[in-house]
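S.K.: Mind docking these for me? Both chains are given alone in their own frames, and the hints should help you get the complex.
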Amino acid sequence: MDLFEINLTSAVQLLSFLFLLWMLNKLLYKPFFSMMDKRREKIEGDLAEAEQLRKSADAMKKQAEEELKAARQKAEQIIAAAEREAEKIVDEAKQRAQKEAEKVIINAQAEIERQKQEAISQVQSIATELAISLAMKVLKDVVDEKAKREYLMKIIREHEK
Amino acid sequence: MSKKAKIQLIIFLVIYTVVGLLNAKLMTAPPSEALKNIANRWIVQFGPKDAWYYRINPMTVIMSVAVVAIIIAFAKSVHKEFKLIPNRKQAFAESLMDFLYEIVESSVPNEKYARTVFKISMTLFLYIAVSNLIGGFIPGVSVDVSIAENGTRAVKFVLFNDTWFPPTGDLNTNLTYAVMVFIISQYFAIKTKGVKGWLKGFLEPVAFMLPMNIVGELAKPLSHAMRLFGNITGGGILVLVISYLVKYMFLPPFLWAYFGIFSGLIQAFVFSTLAIAYMSSQIEG
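Which chain is which? The protein sequence lines are A and B, in order. Using numbering that gives the first Met the number 0, read the first sequence as starting at 0 and increasing by one per residue. Using numbering that gives the first Met the number 0, read the second sequence as starting at 0 and increasing by one per residue.
Next up, chain B with everything else stripped away, as it sits in the complex (with noise of 0.2 angstroms):
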């Protein structure tokens, strides 16, 4: 470690001392008054009747609007530098590319499908993983809404109490990219198999698994969807539990690592891998 690394840590580590004092004394509501809002969501009705078409999650969709942002402007900044030899950006946009492609190439049997495969699970993959790291570890603006007796909600913005929040934490964003993969899997294998061969494929190995085969292929969207919201809304409710309950002292750093880092990119690896998974086992080859 260098001398100047060495000063670094070392004013880190006093400002978070610091800092976590002043957070054990402010901190004098009990972490059960504290933390009763963890499950609400800022839910927006802006139409007249009481539909689901009519409400929206604004935290969801700016915090989408920024992952996407941010996505696109590291891919300009790669674009405009892609080149024969690479720089460092532009091998790092490669060799994320190279590892995702050499799986989809190793699992997808047709290669005439294997591109398209290719760049929606790359697509899922980066929104995933960008949404995943900004809403696991990095502190920043949330919600705090509480809901009173006639269902009215109240918001309240606060500042470095929470993380970021992660679109990925939305059941609305996973249920829908998971829909979106299995539709587009049933497309493929009507595509390859044919209207018939697709239906047939129902009946095998015998007819009578017919409502099997059916509930299967039903449980791989739900599957899918509810393993990233689970584990991006648990070990973020974890994560803020535990850092109350400790007063954000000492703990939460390890578990912003872990949750956001670690348990974060391997969600985002994992549901890119089952959409490639999916989508080719419906092409045959």
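One chain only, chain A, in its complex shape (with noise of 0.2 angstroms):
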């Protein structure tokens, strides 16, 4: 039965395998532990650096957003005292212009009024002078100057009241 036969063979693969092993150890398994060491050291510090400057970033961000913040509400601030503003000199303008045209229209009525009284003051006077001269004509022969006058005078007087 040479298929289960054991032998010296079995000390010669004992030894094969521990010089295998030997070898083996040297060249693939110690690299590759301290390589697997080394790179699990590696992403450790990477990942905690990528942390760090994660986080730095997080701040950065936060100040920028504040910032940011800060500088809408002053630009807003800013828009609204512009709008005041810009209300206070339509307001202004409005009012001045209205104040403009209520003193032209008072003006223009004091004129009118003046002019008014002027004319009716003339019209007033040439009609006394007229009803004067008319009466004057009519009563001549009746009455004395001065009585006329006198009497005239009364009744004008009472009509002008």
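Keep in mind that a hint or two might mislead.
Stated by the list, open to error - To list a few chain A residues with every Cβ distance to chain B over 12 angstroms, as calculated:
{"no.": "1", "residue": "8"}
{"no.": "2", "residue": "29"}
{"no.": "3", "residue": "56"}
{"no.": "4", "residue": "90"}
{"no.": "5", "residue": "92"}
{"no.": "6", "residue": "136"}
Unchecked claim - Using C-beta positions, here's what the derived DEER-type ranges look like:
{"no.": "7", "chain 1": "B", "residue 1": "156", "chain 2": "A", "residue 2": "2", "range": "17 to 27 angstroms"}
{"no.": "8", "chain 1": "B", "residue 1": "64", "chain 2": "A", "residue 2": "47", "range": "41 to 51 angstroms"}
{"no.": "9", "chain 1": "B", "residue 1": "86", "chain 2": "A", "residue 2": "25", "range": "17 to 27 angstroms"}
{"no.": "10", "chain 1": "A", "residue 1": "47", "chain 2": "B", "residue 2": "10", "range": "50 to 60 angstroms"}
{"no.": "11", "chain 1": "A", "residue 1": "21", "chain 2": "B", "residue 2": "1", "range": "41 to 51 angstroms"}
{"no.": "12", "chain 1": "A", "residue 1": "37", "chain 2": "B", "residue 2": "207", "range": "45 to 55 angstroms"}
These are calculated hints, taken from the structure and not from any lab test. Quick caveat, the model's predicted, so the values are computed rather than measured. Backbone N, C-alpha and C fix where the C-beta goes; we use that ideal spot for every residue, glycine too.
M.R.: Here it is, written out as structure tokens:
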């Protein structure tokens, strides 16, 4: 039974296995494990660094956001102030124009009134003169000059009242 | 498929068919005649006595040295360029080791022994995988041994008649490694549990289970060795027989692919995984 024979080959195989184990330990396993450890350290370090960078980036982002918010608020304030200013200017202009217009209207009314008065008084005096001269022409012969004038004046004053 | 690959395939198929036809013409001996020496091994007696320690299987030793040389050559080429960022060769070696190391890590309860277990099982895996692969489907020098009536062996070397002889097809190799794994696992048991705890383990769960436990422990290396031996030797013989029957035409490549690549790698993986299991089952966490 050649297939099942156990002989000195076993010892040779054991030795060749041990030699292979020794060589592979030197060539493959030790570099492999040291590489794994190194890689793990590197990855851990990189991850920690990335975490730190992320944190600082977060802080910077927050700061930037705050600054942006403040700037926006300031801009809003400026816009509101400008709007108020503009409103004020418009209001003032409107008021001034209104006042001007009122003044013009008042002046015009006064002028109209004055001219009306003037016209009325002119008409009155002309009418009076006309009445007097008419009356004098009518009454020339009836009453003496002085009495007539007094009487007429009296009537006119009454009329004027 | 590129044009180059198509041309290569056509050339291969033409050569393959021609060789097959030549084989069919030249192989006139019936399979029973041609295969009668299939189970014989080349055994050299170099001592005066007919004892086991004066006998050696030269083919196993030669192929074993070749396998070791191949693995060390590969390891050296990887070692030269071991860097933090791996190149292709290193990535292959690393993924192979990572794959086995994950199994070791998940099964060994004590972190302290994980690397030792890994080194042993990884070496076993590489050795068995390479020897199964070269023995599985690469044709090469084989030995035809005929035994005369008086027990003398006539050795004849044959070229490209069979695949290279896989060292794992020799029970010496498999039994040695299985017994080695067995002894290492018992050593781990004694180291982690103490001699008392180790002996007590045989009385569990009840005292009369002692013989069963001993038989169970002894069956481990035997089944461990026989599984690999049977798969490789049986696969090799089966492929050879079928190759003779079909005169090396058409079927053998598929059988080589199955028994050489698939079954060979599976058996290497099974052997190393069982080694891990036997060792880690004896380690107390």
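S.K.: So, for every hint listed, does it hold in this structure?
M.R.: Tested hints:
no.: 1; hint: 8; result: violated, 4 angstroms
no.: 2; hint: 29; result: violated, 9 angstroms
no.: 3; hint: 56; result: holds, 26 angstroms
no.: 4; hint: 90; result: holds, 75 angstroms
no.: 5; hint: 92; result: holds, 76 angstroms
no.: 6; hint: 136; result: holds, 140 angstroms
no.: 7; hint: B:156 <-> A:2: 17 to 27 angstroms; result: holds, 20 angstroms
no.: 8; hint: B:64 <-> A:47: 41 to 51 angstroms; result: holds, 49 angstroms
no.: 9; hint: B:86 <-> A:25: 17 to 27 angstroms; result: holds, 20 angstroms
no.: 10; hint: A:47 <-> B:10: 50 to 60 angstroms; result: holds, 58 angstroms
no.: 11; hint: A:21 <-> B:1: 41 to 51 angstroms; result: holds, 44 angstroms
no.: 12; hint: A:37 <-> B:207: 45 to 55 angstroms; result: holds, 54 angstroms
Hint check: violations occur at hints 1 and 2; the rest are consistent with the structure.
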